Structure formats: C-alpha cells, structure tokens
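Undergrad: Start from the sequences, fold in the hints, and give me the full structure.
Chains as they are written, first to last, in my numbering: chain A, 1 to 428; chain B, 1 to 170.
Rather than coming from a laboratory, the hints here were simulated on the basis of the structure. In this text the structure is predicted, and so the values were computed from the model without any measurement. There is no bait here: all hints are sound.
In silico DSBU-like links for lysine-lysine, alpha-carbon gap of 35 Å or less:
1) Lys63/B to Lys210/A
2) Lys371/A to Lys210/A
3) Lys355/A to Lys325/A
4) Lys234/A to Lys200/A
5) Lys371/A to Lys127/A
6) Lys371/A to Lys63/B
7) Lys234/A to Lys63/B
8) Lys191/A to Lys210/A
9) Lys313/A to Lys191/A
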Amino acid sequence: MLRRELNELLTQTGPGTPMGELFRQYWIPALLAEELPENDCPPVRVKLLSERLIAFRDSEGRYGLIDEFCAHRGASLWFGRNEEGGLRCSYHGWKYDVTGQCVEVPSEPDNGTFCATVKLTSYPLVKVGDILWAYLGDPAKRPGLPEFEFVHVPSEQTYTSKRWQESNWLQALEGGIDSSHVTWLHSGALKTDPLFKGAKGNQYNIGDLKPFFEVAEADGGLFVGARRNAEDGKYYWRITPWIMPSFTMVPPRGDHPVHGHFWVPIDDENCWVYTFDYHPVRALTPAELQAMKAGFGVHSENIPGTYRPVQNKDNDYLMDREAQKRGEHYSGVRGIAIQDASLQESMGPIVDRTKERLVPADSGIIKARQKLRKAAIALRDEGVTPPGVDPAHHRVRSAAIVLPRAESFLESCGDAVTVIPGTPQTSV
Amino acid sequence: MNRPILLNSCARAATSAEARFRINVPIAPSRGTRVVALDAGAERVVRRVAEQPWATARFFVCKSPTLLAQSNGEVADVGLLSTHGFESRLSLELAGADVAMMVASTDDGAYAARAIGDACTLRGTMTAGVVLAGGRDAGETVSALRPHARVLLVTYDEQDVSELLTALRA
Ligand code: FES
Ligand SMILES: [Fe+2]
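TA: Structure, rendered in structure tokens:
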C-alpha cells in the first residue's frame, strides 16, 4: 500500500516532477538504433518523460534529439525533410541541425542573423550497442555512458527488441522485480519456450512452488534472491538485479542467453519496454535469434512496422481459454512478455496503490519504491546524485546458482553477479 | 491478427477515466503482525517503530532467558515482553497473527529465530525477517535468520521496518 501522494510522486515523470528529475539524471534508452538506420533517413517522433521530441540522423551520421515542434508556428518536424545536414520544416522551410540550432530561415535575407537567435531544445543522443541513449538532464551533470554488459558484448552476441506498453512505467518495472509471479503466470514457458526449456534449474522451479525471498542492497539498486530447495540440503538461488531507475535482469537458465529489461516512461500512462538477450561469451545462434524475433522468451511479436505487440489491449491479447484450460498458458495468454503486459495494463494506466494488499513476498517491490522515493527526495532537497548514475553500478549480472545452505547469496556469489568480461554467466 | 474477441465485456475500460468507477470500499487492515526484536540493537529500532500508530501490529522483545520449556515436546515457546511492558509468550501472540516479523542486528537471537520459525511453520503463519546490517558484515545474522524467515530483507536503513509494516497495512 502507498499513500496517494507517494503513488503520484513515483508515477509522474514529466518535467519538474521529483521522479521526472530523477530520471533526468540518467542516460535512458530513447530508440533502437534500427529506427534510424542510415544517414538522412526519416525522422522518428519520440515521446520521453512526457516531452515530445523528434529524433533524426543527419547527412553526416550525427544523431539529434530535438523539440518536435518548429519554433516558427509550431508544426511538427516529423513532416520535415531530412537533408543536407539538417531537418527542414515542411511548412515554411526553417531548418535545424542536430543541436536544435536553426540554421536557415528562408524568408529572411541571405546571411541574415535572425536564425542564430532561434534554437530548439535538444538533448544528446548517443549510440551504445543497439540502443540510442538520451540524456534529458542538466548538461553540467551528464554522467559517463552506460556500461551495461548487453550493450558492450560484440554485436553478434546480443539482441534487443522493444514494445509499447499501455501503462505507467512503475507497474511495468515492478513486474521485473516481482519474482513471485513467475511460478504462476509464466509456469507454462519453462516447459515449452525454446529460450527457457531444458535447463537443470527449471526442475528446481517446478519442484518447489513456495520459494523464500531475500532482498539486499546493491550499489546501484537491489538484488532480489529467490531460493528453492535443491538436492543434498542445498539451495537453488535465482538472483535478479535492479539498477536504478529501471533496469532489471532475469536470472539465466542453463546456457540460454541472459535477458532483461529497461522500463522507460513515455508519459505517465505509457512506457517502452526494451527487452534484451545476450550471451557473455558466444554468438547467439540463428535459432535463438529467430525465436527472439518471433516473440519467444521475453520478447514480443510486434505488428510489422511498429513496436505495438500483435497481442494487445484491443484484441484481448488473443486470449485463448482452451490453452488456459489445458494448462499450456497459465492465464490463457501466449508469451511471457504479453502475459506480463496484459496483467499490468489491466490494472489501469496508473494503478491505484492505495488499494493494494501487499504481503511479505512483495518486499522487493516495497524496498524498490522506498529507494526511488528516497533518491528522488534527496535529489530534490539536497542535490544528491542517485544510485545507478555511476556507470560502475551498471556492471551487474543476474545469476542462477546452487549453494550450500549456510552461504549468503551475495557473499558467495559476488563474482556471479558482477560483470567479468569474457566469462560466462553463472547459471544452472 | 486483429481479432477482438471480448469487446462486449468492456475490455477497453482500463482508462484513467474509467478508474473512478472502481468499487471503493475501505480495506481491512491485516489481521495482525507481530514484530519481535531478537537482540538489543533491534530492540532500539522496534521500540521506536512501536510508537507510531498502527492498526493491529504488536511489538515485542525476546525476554531472557529466551526459551521457555518446550511445551509440547516439539516446539519451544518464547517469552516475549511487549513494548508496552506486558509479558506474553509466542504461542499466545501467534494466535490470530498473519505475519511474524523478526528484526535482528546480530546473530544473538538465533535460537529465538528458530523457535519462532518452527512455531510459525506449525501454524501456517507467514514469517519475515529484517536484518539491520548497519554497515557491518551481516553474514552471520543473515545465516541465523535465513532458514526461519520466508522473506528476508537485509538493509542499512532501519526505516525499512516501518516501511514494510506500512506497506503491509499492519
Ligand atoms: S494475484 Fe497478484 S495481482 Fe492478483
Ligand atoms: Fe513476468
């Protein structure tokens, strides 16, 4: 349960809100690199943290992320012409470069000085891995670039997709921290999904439906451990890291690629879910890539040419009651990503947390909310840089590991949850 | 693939405007949370938390000698001292409780943790543990509580005790 003011504090990320300012301390995913595939390609409308922006790639390959609307009379630059080193508004021909600087106002005399006084808001947009990252905060406080492992392994080892989710970012993120739903909602996937099945660890999952949970602090956020009984009095641990504000990883299964998410607010009622899969030491196989693109694992099958899932709110996520009865999909909805999306969207655009009945198994979520709240307030009142801004905090991994009972998951698997380039993930 | 199948059942009603039609009735607090401080460090925190207003939560410290005679030959009972000063015992307090929350800052309370864990297992009462790491190495405390707390929170922030209780409507 959260008081109404706290629910508002955590869910509102527009300019000037405490949580919005918190998000503006970080580099966040703004687009997939594939959305701006070549120089002078069509610009893309991007809404991030409730700001309407346009992203483009100019004739020299520079990326720009600027105010969507022309300074002249407010037409959308999405209709503009991306050519000769800038984006030109189709209405009266005003032209802007990637920094938002107006470089030409055709109605003014040649070599006039007027355009020098016109500049649209712009934010840095940088390609790291398959993602274009944006920083919407104070330029003086711009941190080092992201160091998450999935954007730093060679490109044949990693794949990222994205999907539009019609809900506030926080209820989406909470799904990424909430290990206790996996046993129910996603139970079908352990047996059949090509990106999950066959791992030894799956047996422990299936064999012990009442895991114990352990929540511990990390420099950049939290580690949430779920433990189940393994053989010989040992424990099977699944460890999920959360790095603030909204990066989570799923514990691995066998030698399958490791996956995770970035939950990025579009506005207060919509978010982007970036979903990645990578292997620290080997290329993804053609079969794995094909499965990811088809929406298996934690990915989604999207309507071609869009990032809206084929299974969505308008078609009841293609609910299949027969499959629900047969036990093929616990909820009757196919695919892990859409199983999550369907339930999270069903809560309403911004879930009313004053009505929740939380239980101790929700401790990870409770603690994450508290860390977000404290960080947002410390930033607002004292200017404290929040956890997760320092790129060193990004170098975490999820892990799946069998340990003797007495060992603490964090002390015994410090290495397992730290990125050591060139070493495989710790997985059962 | 666009196959609207349940439009007759208001599938599109999940908007913020529709949210105001949700049934709005008062939500009952949880049936009862028993918070037990297992050592002196934890006691200080629990006493502070106990001063806040709570719905049904009750707060205790483990009395020494901690363990009472094993009442039924199986599970030990624990003597408890409420933060209001009255004496009680675990077996009484667990009747009607939803959750037993143990708070520890050292592994001094290992035996009490076991007794509480066993009693809760027997009754089907949920267990939770908060380890106040306080910057020190908390490994031993965590190991002492781990087998007996279904959910364990290891924290540097003692406010987490009240934070958890608030979230649980204690
Ligand atoms: S069981 Fe968790 S939301 Fe219904
Ligand atoms: Fe999920």
